[in-house]
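Q: Please put together the full structure from these sequences, using the hints given.
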Amino acid sequence: MTGADHRVAVLVLDGAKALDVGIAAHVFAKRPGMPYEVEVCAERAGTVEGWNGLAYAVGHGLDALERAGTILVPGFRDPATVTTPPAVIAALRAAHERGTRIAAISTGAFTLAAAGLLDGRRATTHWHYTHALQERYPQVEVDGDVLFVDAGQVLTSAGAASGIDLCLHLLRRDHGVALANQVARRLVSAPYRSGGQAQYVPRSIPEPLGDDFARTRAWALEHLDGDLTLAALARRANVSPRTFSRRFTADAGLTPLQWVLRARIDRARELLEATDLTVTRIAQATGLGTDTNLRRHFGVIVGTSPTAYRATFRDGGGEAG
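Note that full-length UniProt numbering gives residue 309 to position 309 of the sequence shown, counting from 1, and the numbers run on in steps of one.
In case anyone wonders, no lab produced these hints; they're calculated from the structure. Think of the CB as a built atom: it goes at the ideal place given N, C-alpha and C, for glycine as much as any other residue. Misleading hints may appear alongside valid ones.
What the hints assert, rightly or not - So the derived label-pair ranges between C-beta atoms look like this:
(1) 251 to 187: 15 to 21 Å
(2) 275 to 219: 19 to 25 Å
(3) 66 to 231: 53 to 59 Å
(4) 22 to 46: 17 to 23 Å
(5) 231 to 295: 44 to 50 Å
A: Pasting the structure below:
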């Protein structure tokens, strides 16, 4: 994206959950180096009753949606019984027809479904409400096993924490992995959790990974060009490979080697964005070995070639991955 800052409208509806509203507004908050402007809006300007006794003083009405490049709809209480106001439905449909990107956090997916924006599309919401979403809107392909779904112009996420993942994903789409990682560090959040990662594990909470595992991950990020086999990682954490794999996967939702591959591709993206290194040199620097190997994995994970990715972001940013 180029030119003026990208305007993000956060649409607050009755019963809106404070954490969801805060995530949407905070991730894209205007700061040095952040090319976004946020407007919080509602059906009409004024006070909007929230959840758990909270209320929001909202300065903009639905006209804010007409100025937005992205609309974020936070989750709200009792989504299975709430009726979306006709004016909100009309405004969202009009925005969609204009090509505006529209994303929902958690139960905000019910609002998108009410507007017909999820018809025939794959979507998700908080796992507690996936059955209700499917029953109320049978034309939606509900996937209750993922953190978020990117269907192009329309995106949906699961619970509040996955709203952060969704917003960071939008940052990566717009401006690349470097800015997304910068924001993730500010939020003290994981820089990357794939949309396909499971929402929750239906069993007892796994044993915390502890400092040794955290140090192992940090060490791995500093040595992506080295030997990062399962055996090497387990040695670093001072546990058996089987124990390391089991506990790492339970905590992260990815196997150790899947995590390493994602980290290497993320580092390759940073180098493509910020340096003039050749693809061959980047493959070596990230531990992927050859440019053929880099191109293959890059294409699977990012959906484009390293060369096309670099060209997109050298031209000022855009939806390259």
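Q: Take the hints in turn and mark each one as holding or not.
A: Okay, the hints, checked on the actual structure:
Under the hint 15 to 21 Å, the C-beta atoms of residue 251 and residue 187, about 19 Å apart, fit the expected range. A beta carbon spacing of about 23 Å between residue 275 and residue 219 agrees with the range 19 to 25 Å that was offered as a hint. Checked against the hint of 53 to 59 Å, the C-beta distance between residue 66 and residue 231 comes to roughly 57 Å, which is consistent with it. Distance hint check: the CB atoms of residue 22 and residue 46 are about 20 Å apart, consistent with the given range 17 to 23 Å.
Hint check: residue 231 to residue 295, Cβ distance near 27 Å, so the stated range 44 to 50 Å is violated.
Checked against the numbered hints above, the structure violates only hint 5.
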